[in-house]
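The whole structure should be built from the sequences, with the hints applied where relevant.
The sequence shown begins at 113 in my numbering and counts up one residue at a time.
Quick caveat, the hints were computed from the structure, so don't treat them as lab data. Even glycine gets a Cβ: it sits at the ideal position worked out from N, Cα and C. Honestly, I wouldn't trust all of these hints.
As the list claims (entries may be wrong) - Within a straight-line C-alpha distance of at most 20 Å, the following computed SDA-like cross-link-like pairs (lysine to any residue) qualify:
no.	residue 1	residue 2
1	125	143
2	139	128
3	125	136
4	125	141
5	139	127
6	146	136
7	139	123
8	139	149
9	146	135
10	146	130
Claimed, not checked - If you anchor each label on the Cβ, the simulated ranges turn out as follows:
no.	residue 1	residue 2	range
11	148	128	27 to 35 Å
12	141	121	25 to 33 Å
13	124	144	26 to 34 Å
14	122	142	24 to 32 Å
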Amino acid sequence: MANLSGLSGLGLKTQSIILDRAQRFHKSAIRNLKSQI
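In structure tokens form, the structure reads like this:
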């Protein structure tokens, strides 16, 4: 069980990191679009 909880914790961390990167990319993409208009 210790292994499973460790893996799920790792998954949550990587998920939040991926979400953070996606949000940053989204913001920069929106800025690029606005500057083009």
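>> What's the verdict on residue 139 and residue 127, does the C-alpha distance respect the 20 Å limit or exceed it?
In response: With Cα atoms ~18 Å apart, residue 139 and residue 127 stay inside 20 Å; holds.
> For the pair supplied as a hint, residue 146 and residue 130, is the alpha-carbon distance within the 20 Å limit?
Replying inline: Between residue 146 and residue 130 the Cα gap is close to 24 Å, so the pair fails against 20 Å, i.e. violated.
>> Checking one constraint from the list: CA of residue 146 to CA of residue 136, max 20 Å. Satisfied?
In response: 16 Å, holds
> If you draw a straight line from the CA of residue 125 to the CA of residue 136, is it 20 Å or shorter?
Replying inline: Given pair residue 125, residue 136 holds - Cα atoms ~17 Å apart, limit 20 Å.
> Between residue 139 and residue 128, does the CA-CA distance stay at or below 20 Å?
Replying inline: 16 Å, holds
> Holds or violated: are the alpha carbons of residue 146 and residue 135 at most 20 Å from each other?
Replying inline: Given that 20 Å is the threshold and the Cα spacing comes to 17 Å, the pair holds.
>> Does the beta carbon distance between residue 148 and residue 128 stay inside 27 to 35 Å, or does it fall outside?
In response: Given range 27 to 35 Å: holds, Cβ gap about 31 Å.
> Under the criterion that the straight-line Cα-Cα distance not exceed 20 Å, is the pair residue 139, residue 149 satisfied?
Replying inline: Status holds; Cα separation ~16 Å.
> For the pair residue 122 and residue 142, does the Cβ-Cβ distance stay inside 24 to 32 Å?
Replying inline: 31 Å, holds
> If you draw a straight line from the CA of residue 125 to the CA of residue 143, is it 20 Å or shorter?
Replying inline: Not satisfied, since the Cα-Cα distance of roughly 27 Å exceeds 20 Å.
> Do the alpha carbons of residue 125 and residue 141 lie within 20 Å of each other, as the hint requires?
Replying inline: Given pair residue 125, residue 141 is violated - Cα atoms ~24 Å apart, limit 20 Å.
>> Checking one constraint from the list: CA of residue 139 to CA of residue 123, max 20 Å. Satisfied?
In response: Measuring from Cα to Cα gives roughly 24 Å; hence the hint is violated.
The structure fails to meet hints 1, 4, 7, 10 from the earlier list, while all remaining hints are met.
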